[in-house]
Amino acid sequence: MNNLLLDVVTTAGILFVVAVGLLVVFGVLKIINFAHGGFLTIGGYAALIVTQLHWSPWAAPPVALILGILLGMLVERLIVRPLYSRPLDAILATWGLSIVVVQLITIGFGRGTEFVLSPLQGAVALLGTSYSLYRLAMLVVALVIGGAIAGILQGTRLGLAARAVIMNETLAQSLGINSALVRFATFSVGAGLATMAGSLITPLLSIDPLMGVPWLLNAFMLVMVSGTSLVSLAVASLVLGGAQVVVSTYGNPVLGALTIVVLAALLLRIRPTGFARA
Amino acid sequence: MAEAALQLDGVTSGYGEAMVLRGVNLTLAPGEVLAVLGKNGMGKSTLLKTIMGFLPPRDGQIYIHGRDVTRVAPYRRAAQSVAYSPQEQAIFQDLTVSENLRLGLRSDRRSAAATERVTAFFPFLGKRGRQPAGTLSGGEQKMLIMARALLSNPRLLLIDEISEGLQPSVILRLGEVLRRECATRELTILIIEQNVRFALSVASRYAVLARGEIVDAGAVGPGAETAIQDHLAV
Ligand SMILES: Nc1ncnc2c1ncn2[C@@H]1O[C@H](COP(=O)(O)OP(=O)(O)OP(=O)(O)O)[C@@H](O)[C@H]1O
Ligand SMILES: [Mg+2]
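The listed protein sequences derive, respectively, from chains A and B. Mapping to my numbering: the first sequence position 46 is 46, numbers consecutive. Mapping to my numbering: the second sequence position 21 is 21, numbers consecutive.
Only part of the chain A face toward chain B is listed, based on derived beta-carbon distances under 10 Å:
1) R163
2) A164
3) M167
4) N168
5) T170
6) L171
7) A172
8) S174
9) I177
10) N178
11) S179
12) A180
13) L181
So, partial list: chain B residues that the calculated Cβ filter (under 7 Å) puts toward chain A:
14) Y75
15) Y84
16) D94
17) D108
Computed list of chain B residues with no C-beta within reach of chain A, every gap over 10 Å:
18) S45
19) A113
20) P123
21) R128
22) R130
23) L136
24) V177
25) Q194
26) V196
27) D216
28) A217
29) D230
It should be emphasised that the hints constitute simulated quantities derived from the structure, not laboratory data. Yeah, the Cβ is synthetic: ideal placement off N, Cα and C, and Gly gets one too.
Whole structure, please, built from the sequences with the hints as guidance.
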């Protein structure tokens with residue numbers, strides 16, 4: 001029972017880490033970045049390269065973060081910004097980009113499945129059971145990332161400007177806020193969060209060119225039911241991730257993998273705002 | 001001659017194919033207060049949106065403090081000491097009162113003194129800092145908008161129908177605040193109003209907009225109100 005509880009909270013943490021970059025970009029730019037899955041995959045391969053270079057596995061997340069931010073800057077400038085006035089085309093363009101990413105990675109690394117070492121191995125005794133140290137660490141990482149983003153949004157001038165742009169971009173501009181710069185910074189950070197998440201999940205699963213796809217699907221549904229709120233995303237990760245764990249444990253893993261998508265779709269049918277405040 | 005605070009040369013703009021402003025010429029000298037009046041739908045709000053850069057003019061030039069800003073982004077115009085209070089959606093409903101005020105300042109440095117000066121005009125703002133701005137009453141929201149606009153110490157202030165739906169005493173208060181600001185420093189104001197008496201109590205000149213053109217203009221003085229009312233009559 002305690003094992004199940006730990007599975008639920010750590011799964012929620014992992015889902016939150018994977019989806020938060022998508023949520024941030026959606027909040028400010030009002031587009032779903034379908035390249036998010038591609039960025040997750042790039043992060044996974046960044047971890048693989050770190051392993052192949054025999055660097056410490058601790059280097060993978062920061063390397064992936066920086067790589068993602070740089071790639072995000074490029075993508076925002078070259079693909080997203082020119083389509084600013086055509087959001088639907090911008091969304092399609094990010095989808096196209098994700099296909100290009102998969103192709104390039106397949107050309108560069110092949111279709112094969114790869115593995116990396118975990119920086120934190122073994123288990124700890126907790127709540128009367130022995131539990132994976134790395135999965136527990138992911139919960140901590142989720143809390144740190146969520147706390148950091150909330151801190152920036154609530155406690156800094158930049159965060160205030162970002163919230164102003166989220167709520168009313170025109171009004172923000174008329175108060176002297178460079179909303180194009182806010183979008184640029186947000187997209188870059190969102191991409192960095194995605195690549196970092198991609199590297200962080202690699203010790204838990206195998207790496208292949210399509211590894212981002214199922215995660216993108218879950219992240220997309222979680223953002224759809226969360227709107228633009230970090231708290232809603234945490235709640236959605238806990239509830240829908242919890243359901244996934246329960247179905248996988250007592251039902252079967254194949255059904256479990258579909259749980260989030262199916263439940264989120266049902267929830268949106270009943271309550272279009274999902275977990276977000278009405 | 002000192003350069004104009006705001007100058008429009010033959011500005012034509014509108015939405016899609018429909019032109020709302022047709023070849024508008026306007027000059028505001030530094031320190032001048034111009035009231036722009038006109039019936040509903042004549043293009044008053046469109047004029048301010050064009051001056052702020054939210055609508056690119058189809059033709060003509062716009063100068064702010066002598067600089068050609070015709071192709072300059074709205075946020076850069078704002079950064080040139082321009083404050084704009086739009087007719088609709090002028091506050092961030094979900095931000096607190098003090099967050100709304102902070103956004104009026106260009107940076108958080110030296111904010112305390114500026115905030116104190118402005119909240120002296122509207123004391124309730126000082127006590128309601130943590131309240132979400134959307135929960136203020138309609139009149140309180142108007143005062144918040146005015147306070148935020150003045151916080152940045154603008155040299156040019158563009159106001160779109162601030163008196164709409166306000167009780168007479170609050171309108172008087174807003175007029176007082178604007179006159180006091182103009183008396184203490186060089187502030188140029190373009191104020192759009194339905195309330196002719198309020199507009200003329202702060203303005204030194206008026207212009208009447210009809211079908212996208214300025215059809216009458218003059219100094220505020222005896223007879224101005226009658227002349228304007230003639231244009232506004234149906
Ligand atoms: N976003 C828009 N798209 C298309 N037409 C618009 C838009 N905004 C305004 N218009 C039209 O432009 C004309 C001028 O509108 P504007 O808002 O400038 O009028 P106004 O003089 O401010 O009126 P009011 O006194 O009612 O505020 C109107 O006919 C209006 O329907
Ligand atoms: Mg109007």
